[in-house]
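A.B. asks: If you want the building blocks of each chain, they are given just below.
There are 2 protein chains.
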Amino acid sequence: MANITKKVSWSSRTDESGAAGEGTPLLNGSEQPRLSRQSGGGSIFQIGRLSTVDLEEEITSDEDSLRGRPKEIPHNEKLLSLKYESLDYDNIENQLFLEEERRMSHMGFRCLEISRWVVCGLIGFLTGLIACFIDIVVEQLAGIKYQVVKENIERFTEFGGLSISLILWAVLNSTFVMVGAIIVAFFEPIAAGSGIPQIKCYLNGVKIPRVVRLKTLVVKVCGVICSVVGGLAVGKEGPMIHSGAVVAAGVSQGRSTSLKRDFKIFEYFRRDTEKRDFVSAGAAAGVSAAFGAPVGGVLFSLEEGASFWNQMLTWRIFFASMISTFTLNFFLSIYHKNPGDLSNPGLINFGRFESESMAYNLYEIPLFIAMGALGGLLGALFNFLNYWLTIFRIRYIHRPCLQVMEAMLVAAVTATVSFTMIYFSNDCQPLGPEHTEEYPLQLFCADGEYNSMATAFFNTPERSVRSLFHNPAGTYNPLTLGLFTLTYFFLACWTYGLAVSAGVFIPSLLIGAAWGRLCGILLASITANGSIWADPGKYALIGAGAQLGGIVRMTLSLTVILVEATGNVTYGLPIMLVLMTAKIVGDYFEEGLYDIHIKLQSVPFLHWEAPATSHWLTAREVMSSPVTCLNRIEKVGTIVDILSNTSTNHNGFPVVVQITGSDEPAKLCGLILRSQLIVLLKHKVFVELARSRLTQRKLQLKDFRDAYPRFPPIQSIHVSQDERECMMDLTEFMNATPYTVPQDTSLPRVFKLFRALGLRHLVVVDDENRVIGLVTRKDLARYHLGKHGLEELQLAQT
Amino acid sequence: MANITKKVSWSSRTDESGAAGEGTPLLNGSEQPRLSRQSGGGSIFQIGRLSTVDLEEEITSDEDSLRGRPKEIPHNEKLLSLKYESLDYDNIENQLFLEEERRMSHMGFRCLEISRWVVCGLIGFLTGLIACFIDIVVEQLAGIKYQVVKENIERFTEFGGLSISLILWAVLNSTFVMVGAIIVAFFEPIAAGSGIPQIKCYLNGVKIPRVVRLKTLVVKVCGVICSVVGGLAVGKEGPMIHSGAVVAAGVSQGRSTSLKRDFKIFEYFRRDTEKRDFVSAGAAAGVSAAFGAPVGGVLFSLEEGASFWNQMLTWRIFFASMISTFTLNFFLSIYHKNPGDLSNPGLINFGRFESESMAYNLYEIPLFIAMGALGGLLGALFNFLNYWLTIFRIRYIHRPCLQVMEAMLVAAVTATVSFTMIYFSNDCQPLGPEHTEEYPLQLFCADGEYNSMATAFFNTPERSVRSLFHNPAGTYNPLTLGLFTLTYFFLACWTYGLAVSAGVFIPSLLIGAAWGRLCGILLASITANGSIWADPGKYALIGAGAQLGGIVRMTLSLTVILVEATGNVTYGLPIMLVLMTAKIVGDYFEEGLYDIHIKLQSVPFLHWEAPATSHWLTAREVMSSPVTCLNRIEKVGTIVDILSNTSTNHNGFPVVVQITGSDEPAKLCGLILRSQLIVLLKHKVFVELARSRLTQRKLQLKDFRDAYPRFPPIQSIHVSQDERECMMDLTEFMNATPYTVPQDTSLPRVFKLFRALGLRHLVVVDDENRVIGLVTRKDLARYHLGKHGLEELQLAQT
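In the order they appear, the protein sequences are chains A and B. Sequential numbering from 18 applies to the first sequence in our numbering. Sequential numbering from 18 applies to the second sequence in our numbering.
If you are wondering where the hints come from, they were derived from the structure by calculation, not from laboratory data. Any given hint could turn out to be false.
The list makes no distinction among identical chains, and a pair is therefore deemed to hold if it is satisfied within one copy or across any two copies.
Quick list of in silico lysine-lysine cross-link-like pairs, DSBU-like style, CA-CA up to 35 Å [as the list claims (entries may be wrong)]:
#1 Lys-652 <-> Lys-684
#2 Lys-804 <-> Lys-701
#3 Lys-701 <-> Lys-354
#4 Lys-354 <-> Lys-167
#5 Lys-715 <-> Lys-699
#6 Lys-616 <-> Lys-354
#7 Lys-281 <-> Lys-224
#8 Lys-277 <-> Lys-699
#9 Lys-652 <-> Lys-616
#10 Lys-281 <-> Lys-804
Model the full assembly from the supplied sequences, consistent with the hints where possible.
C.D. replies: The following block contains the structure:
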């Protein structure tokens with residue numbers, strides 16, 4: 018099994034021609050043709066085209082040439098996109114860096130540490146402010162909308178002609194959603210969805226283009242306001258995580274490339290290693306603001322992102338989370354004209370669960386577990402449906418205008434379905450004196466009563482969740498809940514993946530809360546002893562947890578988030594059990610929703626461990642070879658040619674020493690990145706020039722930091738014919754001590770080193786320290802455990 | 018600065034002679050003599066001798082020879098003990114291992130995964146049972162004790178002669194403590210204290226002898242019962258963490274070496290890598306059972322132990338924690354004759370904090386922060402006093418019998434002080450109809466009243482904490498609280514470090530709760546608006562957090578533990594703020610208590626990162642050299658000689674290939690451990706024998722696992738003169754792909770690799786892959802950031 022021959026070289030992998038199609042896994046000993054750009058590349062190119070994660074701008078020209086091709090495309094789960102680059106979490110320890118570190122005093126490191134805390138505080142503060150802004154704007158706009166529609170409905174209830182109200186509602190919703198969809202689809206497609214899969218990838222070490230830019234943030238915030246106000250089955254919590262991450266990436270760099278402002282601060286943090294840490298903190302701050310769950314935020318960041326756990330980093334992340342929820346709480350308390358009352362820690366407030374009235378008993382635990390299993394099943398169904406829907410979208414709904422139309426259609430359908438349900442519902446409930454319903458609709462109910470179905474539909478999802486948790490027993494009848502679950506399930510499933518900026522947390526909670534409450538009511542009705550089953554809110558909470566767990570499949574962080582959101586740890590144990598059951602059951606059928614979307618994007622995502630049965634693969638078989646190496650002192654022309662070679666996508670080059678005159682092979686002496694070479698070329702750091710122009714200042718680390726992270730392409734750098742004859746001395750700039758592995762190292766061992774240290778390039782050497790290959794993220798991400806054992810994904814230029 | 022010459026070779030480091038004394042840091046460029054066994058070694062030997070962490074058995078002979086030496090010994094914080102070995106978290110990927118892994122099917126890995134979950138479930142269950150056992154026994158015994166004393170006091174209050182009651186109390190306490198101290202001091206000194214520093218070290222990768230043995234567990238459990246019943250200022254929570262760890266180490270190995278029982282299960286887990294994961298789970302289960310804080314337990318394990326965060330592992334740890342608290346809860350509910358009522362999730366129950374009555378306001382936050390600062394100060398004072406006390410104990414209280422006497426003295430003094438305080442207190446409070454006091458002492462109070470000081474002193478510490486948190490305002494007068502804080506502070510400080518098995522969590526909480534409540538009362542009295550300050554219990558909670566944080570300096574895990582223990586997340590934010598403030602203030606003055614004790618034991622503890630200012634050190638300067646290397650096919654006699662050489666403590670040997678006849682230097686081709694060589698010698702795996710006895714079965718991985726973890730010493734293996742001439746082929750057994758670094762790698766880079774992968778040996782090679790040195794834990798732990806920049810600790814045979 019272990020003798021897979023790899024003729025496809027790293028440098029020309031994408032150029033080799035081969036037949037496209039449903040490629041079978043590569044691990045059967047014979048060589049399979051790879052998908053290439055020439056033949057199947059076109060159709061594959063389409064796959065990634067219009068999905069949420071990253072679109073290259075220069076695609077319109079290709080698009081036309083692809084018309085008329087068969088629409089049938091290969092199952093793209095088996096592909097790995099070559100489009101995504103890796104982030105580099107390994108410090109480039111070259112002479113410049115070491116000199117700077119050595120110059121720095123103990124006090125200097127202290128100051129750095131303090132500025133890290135300051136940055137984290139700022140991240141938390143700004144994330145909290147953004148959450149506050151979203152919350153207030155959504156509340157105001159939704160208030161106006163519901164008020165208008167309510168008045169309209171009330172006017173027409175008596176006279177008949179409610180269809181006008183329906184049209185009003187549908188048009189209002191569609192308008193909001195249209196605005197939201199237009200800015201997302203036309204201006205920043207990466208802002209679509211919740212952004213959680215993208216942040217997961219970023220923290221995993223995949224460079225998702227434009228994911229942490231200011232423009233993305235603006236579109237995201239506006240988009241989420243539009244889609245929530247537009248009455249879609251979405252939440253505003255997921256996007257907060259993305260927003261927090263963007264804030265973090267922006268603040269920590271002390272400049273905005275989009276706004277062309279450089280504040281000349283935090284320059285030390287301008288590299289992937291530091292930036293990633295801050296983005297973790299930002300994501301945590303986002304979770305914290307969304308759910309009022311600072312500890313849950315930290316755990317989310319760790320569960321999704323961190324590979325190497327660092328105590329100080331964790332504290333900083335915790336600090337950012339804390340500040341974030343506190344800021345939100347503080348400003349919301351002012352907004353609610355009750356300053357100082359810190360009772361709004363998050364965007365969603367589950368309300369207070371009083372432990373006395375809602376204590377659970379030992380014999381309820383099997384029930385909870387059964388509900389967890391049901392949640393897992395429903396979650397898997399949700400994911401399965403959404404998976405096919407996404408495939409459909411990728412294939413047929415490419416164009417931004419189509420996407421906008423689909424979003425508007427969903428908005429209109431949502432309004433129509435809601436209205437129909439409310440219209441035909443005869444679940445009238447008496448309106449208590451201190452009722453909590455914001456917009457109680459009387460409709461055809463008697464005076465002093467309101468329509469119960471409207472509480473669930475005619476409301477922001479957050480309020481609906483809260484009323485399902487807390488309204489007293491008897492507020493909903495089972496039929497209402499059943500119908501609501503059914504319709505909302507399909508609406509939410511249809512909605513997720515639209516080109517609007519919105520999250521899936523709240524819809525999941527709402528579906529789960531509805532069927533959970535239904536379970537509670539049914540249990541109470543079939544048992545004689547009503548006292549324990551009296552409160553269906555308890556079951557609504559368990560159901561909400563089960564459904565959410567079944568869809569997103571997080572356990573530890575989600576448990577803590579839910580516990581923090583309920584404000585009561587008594588429910589810790591049942592929630593844990595439910596989430597675990599939901600995960601186990603759900604994983605049996607289908608992956609988690611975020612993982613599905615990551616896979617559909619063919620992102621080279623590294624999991625926690627190498628596949629269990631991969632011990633028979635060694636670095637030699639996994640690595641890419643031959644590798645383009647550079648000499649320690651290299652001709653400029655050679656470097657330019659290598660960098661300009663469009664058929665390669667090299668980003669790291671081993672630097673070798675060739676003893677002149679000797680026939681001994683070259684020994685590894687360092688590693689240099691494409692981005693470094695670009696900066697060197699831009700500044701014309703040539704040996705000859707250094708000799709002639711002695712006064713020229715030495716290249717400093719600052720020059721690299723200024724260029725980070727948007728290094729210019731090689732095409733933009735002009736090198737004259739004379740300059741091509743010059744030499745470049747890389748000694749000072751290369752990382753002189755790259756991590757290496759011997760060629761016989763097993764894949765799990767390579768994987769562990771790579772993952773634990775967050776590497777981008779790992780040099781494979783023979784026993785005399787000669788370069789024989791290079792392991793990159795894609796080489797490792799290719800292997801995954803499929804249904805029939807180890808499978809190898811194919812690399813393709815999607 | 019970077020050119021420290023190191024003449025002290027790795028192989029003979031401890032034998033080189035040099036003057037002992039207050040060695041100044043080594044980093045001043047000149048060479049300093051090292052402490053050696055011949056001169057200063059004797060007195061250093063004494064240092065580690067009678068402290069809590071590990072005692073070698075064969076010390077009595079040396080002890081006599083040391084008499085008459087000056088008692089003045091060097092400040093042993095600047096030493097690093099050579100006594101401690103490292104654990105090896107790097108899989109030994111030799112041919113045997115790889116063959117086994119390759120043979121294993123996907124199903125096999127599934128089964129392994131399931132058995133990991135089963136083991137974690139078992140760990141949780143057993144830890145919960147142990148916690149339950151401790152709780153019930155302590156409650157029963159303490160109940161009897163307090164009842165006896167109370168009756169006695171009541172009898173003598175009227176007639177006078179209360180001194181008899183005092184004597185009775187003191188004698189009872191001393192007796193219990195004596196039993197506890199005797200089993201600890203004479204049978205298993207490692208069971209002293211809370212065990213948290215030891216578990217921290219274990220999870221960090223230091224092998225602390227006997228720390229996870231069954232005997233230790235038995236002594237620990239009995240010891241903690243005795244010391245808590247004996248009325249010392251201790252808690253039973255800390256030891257639970259140690260107990261959980263021992264349970265985990267035992268269960269996961271599927272055998273007990275002490276009981277000589279091998280159940281032939283879980284053989285796959287018999288290596289450091291797997292065992293460490295389970296011990297993490299055990300420690301988490303311990304925290305979970307102690308505080309009813311499953312999430313806190315997971316975070317504790319991660320904060321203290323994990324370097325590489327793995328999602329699946331975290332879930333298993335979480336599962337163990339969950340089962341543990343659930344088991345405790347379930348059995349306690351049966352014991353309390355209320356089965357099914359899950360309201361006792363932990364050993365300490367903070368009681369329910371109702372959010373309505375105890376809400377906090379924004380302007381209270383500065384007050385909380387100030388209390389955090391106070392907690393940090395008091396914590397630093399506590400640690401400072403305990404530090405000097407520990408030094409004193411190490412120097413003068415060596416012998417077990419002295420230790421037992423000290424423990425008895427403390428017990429008697431505690432009883433006397435408590436009695437005196439109660440006697441002279443005139444804080445009488447009316448005894449309400451539904452009073453919660455378990456043993457209300459009337460003493461000189463009027464009928465229907467009880468002595469308030471007695472509530473604090475005449476009670477188990479857990480109950481005292483709860484009454485400080487929840488008793489209504491006015492239960493304690495300020496003088497009572499002030500005096501209680503003062504006396505308990507010094508008592509707790511004196512008690513920690515005694516040769517009894519007990520923890521510092523509860524005393525810290527108690528001290529903090531007392532002065533916190535005092536703050537609350539004072540605040541209420543100086544402000545006009547009494548409604549907000551009405552409940553001093555809130556301040557008691559904040560004070561408890563501040564004091565505990567000031568002493569142990571954990572933040573994230575402690576926040577979660579406290580939040581889970583109060584059962585109310587409303588206090589999350591203030592507790593976080595308080596713990597952070599306490600840590601920042603405390604760290605300014607003194608390290609955390611556990612760190613102090615680890616340092617006093619000269620344990621080579623690796624922190625999260627290399628010291629910030631250590632970039633100018635490279636692997637070449639840090640490594641130990643020359644290294645004893647073995648040939649791939651080596652003479653048995655040579656191996657035996659190397660292993661028998663008592664002057665070395667080698668545990669890993671690079672294996673090299675020397676091309677015969679060529680003068681080229683040897684190239685690295687693998688790494689083999691002492692323990693492996695021992696097994697090979699024991700099984701006489703010699704080339705010649707293999708040829709002659711063809712039927713002899715091949716050595717399997719099982720043979721190594723059976724010998725783990727107590728490999729026999731080389732002295733116990735008989736090798737005849739003929740056999741010495743045989744050859745041993747190491748190819749199959751060595752780890753063929755050890756991690757290596759080039760010699761110019763900077764210390765932080767080496768550190769990162771070493772720490773992230775949990776290595777024991779890291780080979781330093783030159784650019785032709787020739788071995789030039791070896792980096793071990795001690796080489797890295799030596800460098801630490803002192804007050805005057807980077808300092809180098811000295812290695813000594815303590």
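A.B. asks: With reference to the structure, classify each hint as holding or not holding.
C.D. replies: Structure-based check of all given hints:
no. : hint                : in the structure
1   : Lys-652 <-> Lys-684 : both (18 Å within a copy, 33 Å between copies)
2   : Lys-804 <-> Lys-701 : neither (53 Å within a copy, 44 Å between copies)
3   : Lys-701 <-> Lys-354 : neither (61 Å within a copy, 83 Å between copies)
4   : Lys-354 <-> Lys-167 : within (26 Å within a copy, 55 Å between copies)
5   : Lys-715 <-> Lys-699 : within (13 Å within a copy, 62 Å between copies)
6   : Lys-616 <-> Lys-354 : neither (46 Å within a copy, 53 Å between copies)
7   : Lys-281 <-> Lys-224 : within (25 Å within a copy, 48 Å between copies)
8   : Lys-277 <-> Lys-699 : within (20 Å within a copy, 71 Å between copies)
9   : Lys-652 <-> Lys-616 : neither (41 Å within a copy, 54 Å between copies)
10  : Lys-281 <-> Lys-804 : between (52 Å within a copy, 31 Å between copies)
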